[in-house]
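Protein chains: 2
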Amino acid sequence: MSGAAVAPGSVRIFDTTLRDGEQAPGAALTAAEKLEVARHLVRLNVDVIEAGFPAASPGDFEAVQRIARETRGVAVAALARCRDGDPQRAVEAIRVAERPQLHVFISTSDIHLEHQLHITREQAIAEAVKWVRYGREQLGPDAEIEFSAMDATRTDTDYLLKVYEAVVDAGATTVNVPDTVGYAIPSEFGALVKRIVDLVGSAATVSIHCHNDLGLATANTLAALQAGARQLEVTINGLGERAGNASLEEVVMALRTRPTQFPDLVTRVQTEQITAASRLVSYLTGFAVQPNKAIVGSNAFAHESGIHQDGVLKNPLTYEIMTPQSVGLTGNTLSIGKLSGRRGLQGKLRELGHQLEGEALDTIYRQAIALADAKKDVTDADLLALLEQRASAVPASVELVGWSVTSSHGGKATGSVSLTVNGVDRSAEATGNGPVDALYSAVDAALQPVLGWRPVLIDYEIKAVSAGEDAQGQALVRCRRSSDEGPGALVVSGHGLSTNIIEASLEGYLVAVNKLRGAEINGVSVAFVSPRVVEEPS
Amino acid sequence: MSGAAVAPGSVRIFDTTLRDGEQAPGAALTAAEKLEVARHLVRLNVDVIEAGFPAASPGDFEAVQRIARETRGVAVAALARCRDGDPQRAVEAIRVAERPQLHVFISTSDIHLEHQLHITREQAIAEAVKWVRYGREQLGPDAEIEFSAMDATRTDTDYLLKVYEAVVDAGATTVNVPDTVGYAIPSEFGALVKRIVDLVGSAATVSIHCHNDLGLATANTLAALQAGARQLEVTINGLGERAGNASLEEVVMALRTRPTQFPDLVTRVQTEQITAASRLVSYLTGFAVQPNKAIVGSNAFAHESGIHQDGVLKNPLTYEIMTPQSVGLTGNTLSIGKLSGRRGLQGKLRELGHQLEGEALDTIYRQAIALADAKKDVTDADLLALLEQRASAVPASVELVGWSVTSSHGGKATGSVSLTVNGVDRSAEATGNGPVDALYSAVDAALQPVLGWRPVLIDYEIKAVSAGEDAQGQALVRCRRSSDEGPGALVVSGHGLSTNIIEASLEGYLVAVNKLRGAEINGVSVAFVSPRVVEEPS
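Chains as they are written, first to last, in the working numbering: chain E, 1 to 538; chain A, 1 to 538.
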C-alpha cells in the first residue's frame, strides 16, 4: 500500500550458521573453514554473525576471536550460558569486534529447570539479570546485549514475561524467543511474540530463533515478524541441531517475493550471494542440500512436467515467482578455451560469487588448464569444485607420493601406496574388498608405526561434479582415530577432487588424517557439559 | 480440551508422491517401482493414492491401472486436464480400483488463462463443469470426483468462488485449492480456504495442495486444516515439482505432536511406517534426504551439543517432542550370527518395515550370509540396502560376466569387461581417467555394435552404506542414450551394491543400460504438451 520506497535493514538478519548450524552432528568446521564462511556471510550482508560458543572449547574461542578481529561491517555475536566462566570467555573473544554482541541464555521452562538445571524460577531470573548486567558493564552502553530464554515456547507465559521484563531492566537490548524444540505452530507463536513485543515496547528488539522439527521454522519466523519481532535468527541451508533452524534463504526470499504481506519490512541481504553461500556451507560441512530444498535445491528452479514447461516457455511468470538470477543461480557452462586467460577466469569466478587474485587466482588457473586436458568440457561446476577444494585445504604432514591398484570381478583388490610423513618416505601394500578398501588399508599400514593409531572410516561418498564419464569425482570422507572412541570422539571430514575417483578417495582420506594429526599435536578441546565433536586442528 | 477419544480419519491424507512427486526432474520411476511405493503407501494407511497422470504416456497409464487393480483398502486417484482425451484415459485407468477418485483440473488465474491456455474465464468454467459431469456419469454416484483450480492462490477470489460453486453443482465432491507456484503465506492462505469452506458447506470436502517454493508448504497445509480443509495433498519426503510439496511426514507428525492445536483432527496414518517409506522413495528416485530434513533426516533425532546431550540423558522430554520409535526409527545394529536363521531375519526385516517370505526371503538370507563373509558387521543399514537393491531389479538382457582394472597415480587406468547380451558373449578393453571411466568405456565399446547407441552418463555417485573401510558401496548412476538428446530425452537411473565400489559402479551402469534397452524395445512415450522425462520401460 505504501508508495514510498522502504529503507533496507528494517529487519535484522542474525546468522547462526557458525554456532547453531555448526552444532549439527558431523558439521564441525576448522577455524579456517569458519572464517571462510564468515567472509561469505559478510558478502551476503547479514546484520549479525553468531560466530560460536567460546566456552565450548579453546578451538571455538579462537575461531570466534579470529572472526571478531578479521570481519568488518557486521556485528559479531558469541553465545554464553548464564554461568560463571561462560560470559567472560565470550566477552574476551568478541571484544575486538567492530560491533560486539553478547548473547547470554538460560532455560526457563519448568521441564528444563527441574530436570536439567535443578534450580527454581527465581534463581533463573537472578542468573539472567546478573550476566546481562555483566555484559553491559564489560562492553559499554552502545553494545548489543542479547538475552535468550531457552525453551521459551514450553515456558509458562506469565513467568516468561517476567523474565524478559527483568533482563530488559538489567540492560538487555535484544530479547530472543527460541522455539528450542521446534514445537510451535505459527498462529500460537505469533500470538506469543505479540505479547512480548507489547511488553518490551521500544526498550528492546524482539528476536526469534526457530527450530524445524515439525517443518515449521520458516513459517514461525515469518509469523513472529508479522507480530513485531525485528531480529530473525537463521542459518544457511537451515543447518542446525536435529532438523535444523529456519533457513536464511527461505525467510529472506519470502520477504522479497511477497512484500505486500510484510509491508515496510526489508532486509539488507544481497540475495544474489545466496547460491554461493549455500554451496560453500554444504561442501564444508558435508551436508547435502536435497534437490527439492526451497530456494537452493538443485531442482528449486527446474520445471519438469510438460504443462509447466509449456507455461514457462510462453511466459516465465506462469510458474516462476522469483528468478534464478535473484539468488545468484547462473545456468552457464563454459569452455575453458574461451576464458581468454587469467582475467577471463577472474571475471567468471566473480560471477560465481568468488573474488580471487594473485597467487590464489594463478593456482586455480593452472588447475583449470590441467583439467581441460583430462576432460572434454570444463564447466561452472568444475570451477566451483576447484574453489571448494581450495577452501578446505589444511597443512599436510602426510603427503601422497604414489599409488597403484588392481581389482577384478569376484576377487580381492591389491594396492600399494607411497607416502611421506614430515618428509620421510613410508610405503605399504595391502588387499581389500575393493580398490578403496585395499588402498586405505595400505595407508593405515604405512602410518600405524608413525602415528600410533589408525584412521577409522565413519562415512565415505563420491559424487561426479558434472555429467560425462570423464567427470571429476568429489570425495567426502569422515574419520576418527582408532584411539578415540565413543560419542565424544573427534570426527573430521576430508575432501578430495580428481578425474580419477581412486585418487580423489585417497586425497580425501589423507586430508582427514592430516586434520586428525593436527588436532592431536595442537590438543583437542572437549565440550564443557559432556563431550562434543569439536574439530579445531589449528 | 475434549476428553473423549477422537475417531481416526477425520483428516483425509491424499498422497501424491507417485504423481506430483514423480514429476520432479530425475525422479521418474518404472511401473514396477511405482507399484512398490504404492504397497508402502498402503502400509502407511494413507486414504488416497494419486497414482499418476494416465494421459501423460502409455507407461503412466499402465502404472496407474496396475496400482488401481492391485491395491486394496485405499482410494486410487488419477489426474486429468479438463480437455478431451485426458479424463477418458484417467477413468479407464482407475475404473478397476476399489475406490476410484477422478481428479480433473484447469487453471483459473488470469496469467495462466491469458498466457498459457488462451481462453476466457467463462470458457474455463464451462470446461470444468463439463468434465466434472463426465466423471460423475462414468464413475457413478458413489465415486469421489475432485476438481482443482490450478494456480488458485493467484486467481481473483470472487471468480475462484464462482468456479468452485459451479463444479460442486455439477457433481464435484472434493474441491482442491492448489498453491501451484508455492506463493502463499499461512495467514492469507488460511483466510482464502475459510471462504471456500464457508461457500461449499457440507456439499463437498475442501482439499489443499501446497508447494514449497518459499519453505511454507507444511505451514500452509496446517493453516488450511485449521480453516476447515479436510483433504491434505502431500508427498513422502516433500518430493515434487521444483521445491516439492508439503511433506506427509511433517504434516502428520505435527498433528500427532500438537493435538491441542488441531482438536478432533486425526489421520489414519501408521506413523511407524514413515521411515521405511521415506527410505524407499529416496532410494528409488535417487533423491537424497538432507540430514537436517524434519522427521526423516538422518540428524532429525540426533542430539549433538553438550547441553542438549546432557538434557536428553537426564530426561528425553527436555529436547525431544516425539520419539524416534513413533516414526519407525530403530537404532539397532545387528550381528548376522545372532539372526538364528531365516526366521530371525524375517522378524528383523518386519521391524524395518518390510514383509518378506518364500523365495524373496531366501534370496536376502543368502545375500546377508555372503555379506557377513566380506565385512565384519552386518547392520540394519546393510539389510536395508539389500532390500532396496531388490526393489529396483529390472529384466536384464545385458549381464556382467567379468571385469578387471588397474590404475595408478598420475597415469591412465586400463580395464577390460566381459558381458553377455541376450546370452551372446561380448568383451572389450579401454583406458580412461580412472577405473570407472575405463570400465564404462569398455562397456560402451562392447555394446555399441549391438545397440547402435552408447549410454551417456548424466550423474554418478557412490555412498558407503555403513561405517568401516569394508563397507558396502551403493552406486547411483543416471544415463540416457547417445541417440536421444535434448530436454525430452529419456533419463533412467541404475543402482548397484557391492563391497567393491567398482563392481557396484558397473552393476548400476548395466541396470541403467538394461532400462534404456527395455524402453527402446517396448517403445517410449513422450508427454502430451512438450517432451517430458518418462521412464516406463515395461
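These are computed hints drawn from the structure, not numbers from a lab.
Wrong hints could be hidden among the right ones.
One copy or any two copies: either way a pair holds, since identical chains are not told apart in the list.
Claimed, not checked - Below are the EDC-like pairs computed for lysine to aspartate or glutamate, each with C-alpha atoms no more than 20 Å apart in a straight line:
{"id": "1", "residue 1": "K412", "residue 2": "D484"}
{"id": "2", "residue 1": "K412", "residue 2": "D425"}
{"id": "3", "residue 1": "K463", "residue 2": "E188"}
{"id": "4", "residue 1": "K162", "residue 2": "E127"}
{"id": "5", "residue 1": "K348", "residue 2": "D377"}
{"id": "6", "residue 1": "K314", "residue 2": "E137"}
{"id": "7", "residue 1": "K348", "residue 2": "E272"}
{"id": "8", "residue 1": "K412", "residue 2": "D158"}
{"id": "9", "residue 1": "K375", "residue 2": "D459"}
{"id": "10", "residue 1": "K412", "residue 2": "E507"}
{"id": "11", "residue 1": "K376", "residue 2": "D459"}
{"id": "12", "residue 1": "K314", "residue 2": "E114"}
{"id": "13", "residue 1": "K130", "residue 2": "E36"}
{"id": "14", "residue 1": "K412", "residue 2": "D470"}
{"id": "15", "residue 1": "K130", "residue 2": "D198"}
{"id": "16", "residue 1": "K463", "residue 2": "E485"}
{"id": "17", "residue 1": "K348", "residue 2": "E507"}
{"id": "18", "residue 1": "K162", "residue 2": "D110"}
{"id": "19", "residue 1": "K412", "residue 2": "D373"}
{"id": "20", "residue 1": "K375", "residue 2": "E114"}
{"id": "21", "residue 1": "K348", "residue 2": "E485"}
{"id": "22", "residue 1": "K376", "residue 2": "E485"}
{"id": "23", "residue 1": "K162", "residue 2": "E114"}
{"id": "24", "residue 1": "K412", "residue 2": "D377"}
{"id": "25", "residue 1": "K375", "residue 2": "E36"}
{"id": "26", "residue 1": "K348", "residue 2": "D362"}
{"id": "27", "residue 1": "K348", "residue 2": "E62"}
{"id": "28", "residue 1": "K194", "residue 2": "E388"}
{"id": "29", "residue 1": "K376", "residue 2": "E114"}
{"id": "30", "residue 1": "K314", "residue 2": "D362"}
Task: Broken hints, by number - done: When the structure is compared with the hints, numbers 1, 2, 3, 6, 8, 13, 15, 16, 17, 20, 21, 25, 27, 28, 29 and 30 turn out to be violated.
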